[in-house]
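Asker: All chains, full assembly: derive it from the sequences and hints.
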Amino acid sequence: MNRMFQRAAALAFAIVVSALICIGPAHSQLTIEIIGGGATQTPIAIVPFAGESDFPIGITGVVGADLQRSGLFRLVDANGPRPATPQEVRYGDYRSRGAEAVVIGSMQPAGGGLVNIRFFLLDAVKQTQITAFSYNVGSSQFRAVAHKIADVIYEAMTGDKGVFSTRIAYIVKQGRRYMLQVADADGYNPQTIVTSDEPLLSPAWSPDGSRLAYVSFESKKAVVYVQDLASGRKHVVANFRSDNSAPAWSPDGQKLAVTLTKDGNSQIYLINADGSGAQRIATSSGIDTEANFAPDGASILFVSDRGGSPQIYRLALRSGAVERVSFDGDYNTSPRFAPDGKSFAFLKRDGGRFNIAVQDMASRQVQVLTQGGSDESPSFAPNGRMILYASVQGGRGILAAVSSDGRVKQRLSSAIGGDVREPAWGPLGK
Amino acid sequence: MKRLILIACLGTLLAACSSTPETQTPAPVDERSSGATGVPPPGSTTNPAGGSSLSGSAIPPGGTAPSTSSTGPGGRGSPLTQPGSILAKRSVYYDLDSFVIKDEFRPLIEAHGRYLRDNRDAHIIVQGNTDERGGSEYNLALGHKRAESVKRALSVLGVQDQQVETVSFGKEKPRAQGSNEAAWAENRRSDIVYQGE
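Chains as they are written, first to last, in this note's numbering: chain P, 13 to 442; chain B, 17 to 213.
Heads up, a few of these hints could be off.
Over the 12 angstroms line for every Cβ pair with chain B, so calculated as not near, a few chain P residues [stated by the list, open to error]:
{"id": "1", "residue": "Ser65"}
{"id": "2", "residue": "Asn91"}
{"id": "3", "residue": "Arg94"}
{"id": "4", "residue": "Gln139"}
{"id": "5", "residue": "Ser146"}
{"id": "6", "residue": "Pro219"}
{"id": "7", "residue": "Ile410"}
{"id": "8", "residue": "Ser416"}
Lysine-lysine pairs mimicking PhoX-like chemistry, simulated, CA-CA at most 25 angstroms apart [claimed, not checked]:
{"id": "9", "chain 1": "P", "residue 1": "Lys232", "chain 2": "B", "residue 2": "Lys189"}
{"id": "10", "chain 1": "P", "residue 1": "Lys421", "chain 2": "P", "residue 2": "Lys173"}
{"id": "11", "chain 1": "P", "residue 1": "Lys185", "chain 2": "B", "residue 2": "Lys189"}
By construction, these hints were calculated from the structure, which means they are not laboratory data.
Ideal Cβ placement from N, Cα and C applies to all residues, glycine included.
Answerer: Rendered as structure tokens:
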């Protein structure tokens, strides 16, 4: 009881959220720090669930950490009674502490090794129920349920989909060893998907989240593979003469855009996910690479040095028409469409410093979001609110995230040592 | 659990080798990576980025003439590895963002061009590299363009296309560690590697 209070208090006041380490199993490899916060943060009281302390793994700590990580919520003191139902709630307790919303719930054995987890999201001002859910799960699903609850709360309060149940992929380099790992969005449950003594690059999620495309140097040169996550089966997608790289999925998951050099320059091809039917889609005398599909599949953004410096271009796939879309500066690469297609994130060099920026498609207005100087590999969260990217801190590669308005910043640091890089945020679950 | 996944990965890795589509022909790539023996560390003699003394001075008169009775690439007595032979020089360095072969490396390219023209059974792999700054994928493409620039220069000298493979390591295999100008200059580089070495 007391420990739970301390935990909630720590979450409410701490700038650095280390609570994740305390709450979950000890094998987490990424921990998350929050730097800065949103312009407006909804004050919310997350009351420890009735019966929660009977279980080794808590729920509300995870929910609170998720919501706080978004930068859009502020946890207020939830100490006191632990009501299991809305009828038991004394709203005044939470209103006096500034809460606009209250989360309560219960955990009870449901037989057969299952636990019934029930939660209510309440409007503290109107004193009404906003939403409620009930789950019967085994203890291995506790974290997954906590992320689901956080998703429900996030969507109810902000109108956007929550991304707490999503996964991220990234490359860990330890000495000469490279690992492609997949973890929950909060860094928990890391799974090593591929291990290699040669570099691994550019993981890309299939739109349904079932497969990862990536580049491996395991045959001493860049080759594009696709691996099925459930079965672990992988196959070569592109292993033509010279280098094969930069895989990007079409929104229907049938094809990939890849960069091939079989005919000389780095040029962009469409290829079926089984490796058949490679077809060149753009032609230049220089570098074309880093294709990224618009969400509607009608166009791609890509990088080309056809104008003398690496810039971002848009190719309309039906007509073949190409237009330059980046104009500011002499190095703009790694374009990634926002999920709504209205803007894109990219890597921008300015005075020798590399930072993540976003550009509005219509107005062409550019906003630089990061100040790391060695930042790269932007990847949008599937709700478009955060951008995951690679940065360097103390000479080590780390992952970081920034909200697409630049206000909220997070650092994800690896507890296992080595460099973490090349992040890719996975899609929303079905 | 993790072990199971790993085993599954290894199994499919083997399977993947045999299931490569027929249309795709993997290029033979030499195992040798940057920094191997026979390559004089360029930084030890001159500043690879700004130095202009890399060319000319090291060429002994007549020393570039390839010996047709060579014992093979890298063998004893081969001009490819003879100390002082320009053919023992294998690295071409570039300015930031650039793939242009600077004049100081022309003699090196011409010497290898002559050797490859006179030894049609000799094959090389040109490995393109970049410094660590910027994204992996653009650097991979830039490394390729650097390797390709060497291949084109050799082609102009009469070297046959099939004698030269290109591969890019991008920024993935830096010879010089560290995040400073000297390391970056060292890593903006193409290396010529003879098959069989």
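Asker: All the hints need checking, so say for each whether the structure fits it.
Answerer: Now for the hints, and whether the structure bears them out:
Against the 12 angstroms criterion, serine 65/P stays outside the reach of chain B, whose nearest CB is about 29 angstroms from its own CB. For asparagine 91/P, the non-interface assignment is confirmed: its Cβ lies about 39 angstroms from the closest Cβ of chain B, beyond the 12 angstroms cut-off. Remark: the non-interface label on arginine 94/P is consistent with the geometry, its nearest Cβ contact in chain B lying 35 angstroms away (cut-off 12 angstroms). Glutamine 139/P, annotated as away from the interface, keeps every beta carbon of chain B farther than 12 angstroms; the closest lies near 46 angstroms.
Every beta carbon of chain B lies more than 12 angstroms from that of serine 146/P, the smallest distance being close to 29 angstroms; the non-interface claim holds. The Cβ of proline 219/P sits about 20 angstroms from the closest Cβ of chain B, beyond the 12 angstroms cut-off, so the non-interface label holds. With 12 angstroms as the threshold on Cβ separation, the claim that isoleucine 410/P sits away from chain B holds: the shortest Cβ distance comes to roughly 15 angstroms. Every CB of chain B is more than 12 angstroms from the CB of serine 416/P (nearest about 19 angstroms), matching its label as outside the interface.
With a CA separation close to 11 angstroms, the supplied pair lysine 232/P and lysine 189/B stays within the 25 angstroms bound. Among the hinted pairs, lysine 421/P with lysine 173/P is consistent with the structure: their alpha-carbon atoms are about 19 angstroms apart, no more than 25 angstroms. As the CA atoms of lysine 185/P and lysine 189/B are separated by approximately 12 angstroms, the hinted pair is consistent with the 25 angstroms bound.
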